[in-house]
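Given only the sequences and the hints, what does the whole structure look like? Please build it.
Take a look at the letters that make up each chain.
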Amino acid sequence: MKYRIISAIILVFTSAFFQSTILEIIEIFGVRPNLLIVLTVIISLLRSPVESGIMALSFGISMDLLMGKTIGWYGLLFFLVSIPISLINEKLYREKFLVLFSLTFVATITIETLFAFILFIFKDLSHMPYLFGTIVLPEALYNSILIFLLFRPIKKVYGLLDRIDRRRNRLSA
Amino acid sequence: MRRIFSNKIVIVALIIVVLLILVIVSHNERSGVNSVSNIISIPAAPLQKAFSFVKEKVGDFFGYFEDSREIRAENAELRQRISELEQEVLNFDKLQKENKELRDALNFKDQYDEYDFIGCSIIAKDPGNWFNVFTINRGSKDDIEPDFPVVTAYGLVGRVSKTDLVSSKVVSIIDIESTVSARLSKSRDLIVIRGDVELRSKGLCRADYIPPNADIMPGDIVETSGIGGIYPKGIIIGKVVSVISNEGQYDSYAIIEPVVDFKRLEEVLVLKKEASGSLE
Chain B
1 MKYRIISAII LVFTSAFFQS TILEIIEIFG VRPNLLIVLT VIISLLRSPV
51 ESGIMALSFG ISMDLLMGKT IGWYGLLFFL VSIPISLINE KLYREKFLVL
101 FSLTFVATIT IETLFAFILF IFKDLSHMPY LFGTIVLPEA LYNSILIFLL
151 FRPIKKVYGL LDRIDRRRNR LSA
Chain L
1001 MRRIFSNKIV IVALIIVVLL ILVIVSHNER SGVNSVSNII SIPAAPLQKA
1051 FSFVKEKVGD FFGYFEDSRE IRAENAELRQ RISELEQEVL NFDKLQKENK
1101 ELRDALNFKD QYDEYDFIGC SIIAKDPGNW FNVFTINRGS KDDIEPDFPV
1151 VTAYGLVGRV SKTDLVSSKV VSIIDIESTV SARLSKSRDL IVIRGDVELR
1201 SKGLCRADYI PPNADIMPGD IVETSGIGGI YPKGIIIGKV VSVISNEGQY
1251 DSYAIIEPVV DFKRLEEVLV LKKEASGSLE
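Order-wise, the sequence lines are chains B and L. Using this note's numbering, read the first sequence as starting at 1 and increasing by one per residue. Using this note's numbering, read the second sequence as starting at 1001 and increasing by one per residue.
These are calculated hints, taken from the structure and not from any lab test. Please note: incorrect hints may appear among the correct ones.
What the hints assert, rightly or not - Cross-link-like lysine-lysine pairs, in silico, BS3-like; alpha carbons within 25 Å at most:
no., chain 1, residue 1, chain 2, residue 2
1, B, 123, B, 2
2, L, 1233, B, 123
3, L, 1233, L, 1057
4, B, 91, B, 155
5, B, 91, L, 1008
6, L, 1233, L, 1272
Note that this is a predicted model, so its numbers are computed, not measured.
In structure tokens form, the structure reads like this:
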């Protein structure tokens, strides 16, 4: 359990650091992928609803804190997207191209469209189609590609943590 | 009570309610809740500093090879310019002396005398794709506070929106949530500079509330008006690129090109108002 908490904290901090710095280098047409959404989808696919929910909340709140604006919107959206994925994850062929691609695509579209809606609801919603075409859609495509690079390494790390847990449980028993 | 909390739907609903309360409370930039961002910013700041340093050095290294051809041509041009400037320096010295004498005679107080300039480096940019916010390497321990103006040698960058212990967030003038009261340098007409959803990706912003009879044309310089209490008067914002005239009284707007290149911005200055006691 201790290893699991430490590794979760390291994952959240590292991804927050990468999101605010290194991902700037791989921006295409001014749009950068959202590593935190990708990790939320991966963890929701691999873990239980409770663990996924906690991790999604942590990733979302980190995103809010890094942006320096209102805290909580991304936390809420990440959480709400993570729960349904984690509830059905055992019924999915998790490593199939189509599952990974479509889930990341839909998750990004949902989170970013709702965020844009929240952002402009009291200003001017006429910008929504423009924002969807120039930010939400490219980011969704970008994230859907990024998940193929990250899914297996993250799965391996969780597999390793599970093995450590099992060994420790066996020893204590 | 125990049975209520064992219900998963209740727990999810509770989390949603807590998050919504957090949204409401943290909406105010000066809210104490925002200090939780120290959890991320304190450990991230040294890493972000290290990354921005490495990025700069790598950029310099590759830039060296790219620039060598350009440098040769520029060198010849600069030699010519040096001889012209040497002549201008002689005139400048004379004008400077005259200026000082006149200022002394009028007891003129420089508008920036009451400000301390705090040099800062940009250590991280906005992590998402929605805002034009960046992180600087100084925070509340350096006496930086929200709403302090941020400038470069060329002109206005934006304002500090939130401060953590060792870093601060700066909202640039092209951000969609930024509004600056401004003035046209030539005609002295008051306008409002705002970030625009479509223009921000090009590094531009827009001028609204242009008076119907305002004398405004491409090339005009725009500066801060000093109204609103955040930005001191007279800081250059940018120049008018084009004016879009509409029939309504205040429906015309202009596209403004800021003097600051936000894509290449690395160092900024935060203007800190000196305490009234120290002015005496």
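Results for each hint:
1. Between residue 123 of chain B and residue 2 of chain B the CA atoms are separated by roughly 46 Å; this puts the pair beyond 25 Å, and the hint is violated.
2. Simply put, residue 1233 of chain L and residue 123 of chain B have alpha-carbon atoms about 28 Å apart, too far for the 25 Å limit, and the pair is violated.
3. Among the hinted pairs, residue 1233 of chain L with residue 1057 of chain L is inconsistent with the structure: their alpha-carbon atoms are about 36 Å apart, more than 25 Å.
4. Between the alpha carbons of residue 91 of chain B and residue 155 of chain B the distance comes to roughly 17 Å, so the proposed pair stays at or under 25 Å and holds.
5. At roughly 20 Å between alpha-carbon atoms, residue 91 of chain B and residue 1008 of chain L fall within 25 Å of each other, so this suggested pair holds.
6. Simply put, residue 1233 of chain L and residue 1272 of chain L have alpha-carbon atoms about 15 Å apart, close enough for the 25 Å limit, and the pair holds.
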